[in-house]
Every structure is written in structure tokens, then in C-alpha cells.
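In the order they appear, the protein sequences are chains D and Z.
Using my numbering, you'd call the opening residue of the first sequence number 1 and step up by one each time.
Using my numbering, you'd call the opening residue of the second sequence number 1001 and step up by one each time.
Hints are not guaranteed to be accurate.
Each pair of labels, with its calculated beta carbon distance range [to be verified]:
{"#": "1", "chain 1": "D", "residue 1": "P117", "chain 2": "Z", "residue 2": "Q1018", "range": "25 to 35 Å"}
{"#": "2", "chain 1": "Z", "residue 1": "N1077", "chain 2": "D", "residue 2": "L47", "range": "24 to 34 Å"}
{"#": "3", "chain 1": "D", "residue 1": "E15", "chain 2": "Z", "residue 2": "P1039", "range": "26 to 36 Å"}
{"#": "4", "chain 1": "Z", "residue 1": "E1082", "chain 2": "D", "residue 2": "A16", "range": "42 to 52 Å"}
{"#": "5", "chain 1": "Z", "residue 1": "I1012", "chain 2": "D", "residue 2": "N58", "range": "40 to 50 Å"}
{"#": "6", "chain 1": "Z", "residue 1": "N1071", "chain 2": "D", "residue 2": "E10", "range": "40 to 50 Å"}
Please keep in mind that the hints were generated in silico from the structure rather than gathered at the bench.
Even for Gly, the Cβ is constructed at its ideal location relative to N, Cα and C.
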Amino acid sequence: AQTVTQSQPEMSVQEAETVTLSCTYDTSESDYYLFWYKQPPSRQMILVIRQEAYKQQNATENRFSVNFQKAAKSFSLKISDSQLGDAAMYFCAYRSSQTGANSKLTFGKGITLSVRP
Amino acid sequence: KAGVTQTPRYLIKTRGQQVTLSCSPISGHRSVSWYQQTPGQGLQFLFEYFSETQRNKGNFPGRFSGRQFSNSRSEMNVSTLELGDSALYLCASSLGIQATTGELFFGEGSRLTVL
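Isolated chain D, as found in the complex (with noise of 0.2 Å):
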């Protein structure tokens, strides 16, 4: 079974400043995807980021960005110039790529991220 780990619970950046959230995750298969979601106070959960394990290349969005290190099993996001509307909790997600499995995800176990202004 596969397992996702976010070992810091809480993290704190200053407006305009640069966080990175840390993710792990366990799996025997080769292929897969990987997502940051979003979940504000307001409980929608919203999706960040994917990333498709065979792509090397590290997928970007806007301020946001993964360092998706395969044979390490990291999948980290990083969020540049922050904002106060990025306040939320992030969680980080795995979904196998096998037939079946199409929308069942693992997540991790969440991480808090508080913005100062």
C-alpha cells in the first residue's frame, strides 16, 4: 500500500517570502501522479500543483513549484513570493496510475501554513 508523509505539521512565512513544504511518499510502482491540494478555512479543497512521475521535469504553476526527486521519494512544493491568501492547509496526494484506481487518492496527513504580514 502506498503511504504519503508530511512530517511538519505547522509552517510560518512572511508576506513576499519563499516556504517549502516537504512531502515523502512510499510506493512499489513506477508510475503515478502526485498533487498539492489546497484546503483554506472555507473547507474547499482546490488542487495546486500535479505531477506525473514519469515527467522529469519539475511542473510549475504561477508562484507555485515541485522538486519531484523520484528515487528519493520527495515531493516538495515551494511557494514563492507569498500571500496572505495562501494561508491554508496543504495536503500532499498520491493516486497510482493503475486501471481502478482513478480517483482514489492517498493523502498525507496535512500541514498548516500560517502567512505574516
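Once you have looked at the hints, place chain Z on chain D.
Chain Z only, in chain D's frame:
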């Protein structure tokens, strides 16, 4: 396009009762999955429905069940409620097409409190 709609948003039940939660997916999405979120266990996958068929199931007791209707709307039911069932229940919809990254779109959740 309307997002994922979950009802009710909040509800309080007592032990032994049953509860039904509803989820309307984004128009055109055929897959609906359910997750339970608690402070202690985090987010755990309950089940996924696609075209009215359960396609995947998490490790939950049989008291947790679901179904999907022909319009893709889904319901989940929890019978004989226990205190530990208190949680935020999240519904997510997606196109459900295999071999895609399958981005999930989440609703705001139904907050269940069991007394």
C-alpha cells in the same frame, strides 16, 4: 459552471441513528468519490462511483455505503452512527476517464457531529 454541491452542510445526529449525505457533481462529471476527514486520521478514501457502479472502495466498515444515480448525483449513507463517525465528509467529482491525471473537484463538505 456550478461546482460540486454537498447537502446538508452541517448536521447533528445521535449514536445509533443513520444519516444520508448528498453530492451533486459538476455537470458532465461521471465520477464521484467520497472522503472522510478527521483531525486524527486525516483524509481517508471511502469509495468511488462511476456510471452508477462502485469502482473502488476504501477500508471502512459496511455501515458506510453509497450509491450513484443516472444523473451522476451520489449519496452516501452511514447506519448505526458511532461517536467516531463525527467528521467532515468531502465529495469530489471528476470526469472519471482513465489514463488522465483525473483532477478532483471537491465540494465544501458535510460536517457531521454524532452525540
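Broken hints, numbered, in rising order?
1
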